[in-house]
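Participant: Sequence:
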Amino acid sequence: MTTPYSHRPGTDDHAGPPPGCPAHGLVADAFGGDHLAPSGLRRLYGPEAENDPMGLYEKLRAEHGSVAPVLLHGDVPAWLVLGHSENLHMTRTPSQFSRDSRRWSAVNDGSVPPDHPLAPIFTWQPICVFADGADHERLRGAVTDSIGRIDHRGVRRFINRYSNRLVNDFCQDGKADLVSRFAEHLPMMVMIQILGMPEEYSEQLVQAARDMIKGTETAVESNEYVMGALNRLVARRRAAPREDFASWLVEHPAGLTDAEVAQHLRLVLIAAYETTANLIANVLRMVLTDPRFRAQLSGGHMTLPEAVEQTLWDEPPFTTIFGRWAVGDTELGGQRIKAGDALVVGIAAANVDPVVRPDVNASMQGNRAHLAFSGGPHECPGQDIGRAIADTGIDALLLRLPDIQLAVPEEDLRWSASLMSRHLQELPVTFAARPPQDVAGPPSATPQHAPRTEWQVQSPRPVPAQAAPGPAVVPPPVPTAPAGAQPPTAPPAGQIPQQRRPAAPARAWQAVVRWWRGY
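So in the working numbering, the last one in the sequence shown is 646, and the numbering has no gaps at all.
Hints may contain errors.
Stated by the list, open to error - Mimicking DMTMM-like on lysine to aspartate or glutamate, the simulated pairs with C-alpha atoms at most 25 Å apart in a straight line are: (1) K302 - E330; (2) K302 - D565; (3) K302 - E537; (4) K302 - D179; (5) K186 - E538.
No lab work stands behind these hints: they were computed from the structure. A quick note: this is a predicted structure, and the numbers were derived from the prediction, not measured.
Construct the complete structure from the given sequences, taking the supplied hints into account.
Facilitator: In structure tokens:
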């Protein structure tokens, strides 16, 4: 159903609600009430959207159905797509719903100025996310081909090394905030290594990357800071290519210009960073607070990759993606969409659409039908890198700190939200203080036969789990030594533990580890 107010995206009638309308003039308060604009529409920004976005989505679903009229920053009208099938149709039909923001009527009539807080997100640029058809195929092909050249085993070595380096920074304290000390830094450390710009890593780059998609007053300035670093990288790689993502884009047969290369580097960096930082924080929170995760992970019935996938259903890194623009007049979810209207992909709302998920508490193990990485021709091409950073990094953290526990009641955790994402502000934890470990050597320095310490969430004295079919969190069996043989030498103190893999006979286990980790 739709409410009777006249202001809708794509309409020519911008009159407000009738005099005496109870929704007229409602303003935001700090106590969770309705936050309607004078037009009677709900805003996708402000206190309600930031404090309880999922609650807002459900109100919109109850009021309008699978597609709802909403307001963006500055009360700019748009459509939020809430239904799972409607989102799939929109993302898979570029002939009806284009990614070219130059079609947006609000931009063309001047109602959205160039300095709008969301300008870094919607301003047209010569990159694949704003292209359709042949242009999209050329630009997207350069990105996907370059991603295909990434050595995933080598990346996991870097993830393991950087994870342990971050843990070294706080392991002696016995406490830490895993958002600011781990989740916000690991993805950036890995991504700048992949792109080929480790010398540019800084706290300012981390904060600028996160600020860019928030729609803040400093978003444009943050974008300029990030682009400065990327433009310097492109200039270096034009002069002296190397074996990194930036060089592969520069040298790709698609013939990208320097501007196109720099913009695609920004796209990959920011998309991968924001989604993965949120994903790591969300998985850690669920591992530490959700009984399903604690019981299954420690009992060996759920692997970390499976926990990551469940989190992508329940708490996707991007809550929405802006935007799509109607090519012509059409209909979606019973709503009349006019040419030039803006639409928002409702990822989090679609993931809990009652049509496809009637019981939100049911396990989604083995089901990848979520929209965490969008869909259609613009589906995220680097999603497997994000998954690898999350599950490898979290496993390394838990191996180092097996007794980690949440330091505050779960209800005291706080989030901050923007149009596109919702992330934890802090995730404070406690654990037994430990000395740092050596991370100077190559990531593969640990002998393959070295015994390892098992981790078990929220257990001060971890106990190895019983073997279970499929991937399990138990160490590999140690072959029985022949009579008279010397026992194996214990690993040096402070050695970085390897990543956990399923149990297997010793020879097969070593082969799998060498292949998986690139040793």
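Participant: If you check each hint against the structure, which ones fail?
Facilitator: 4
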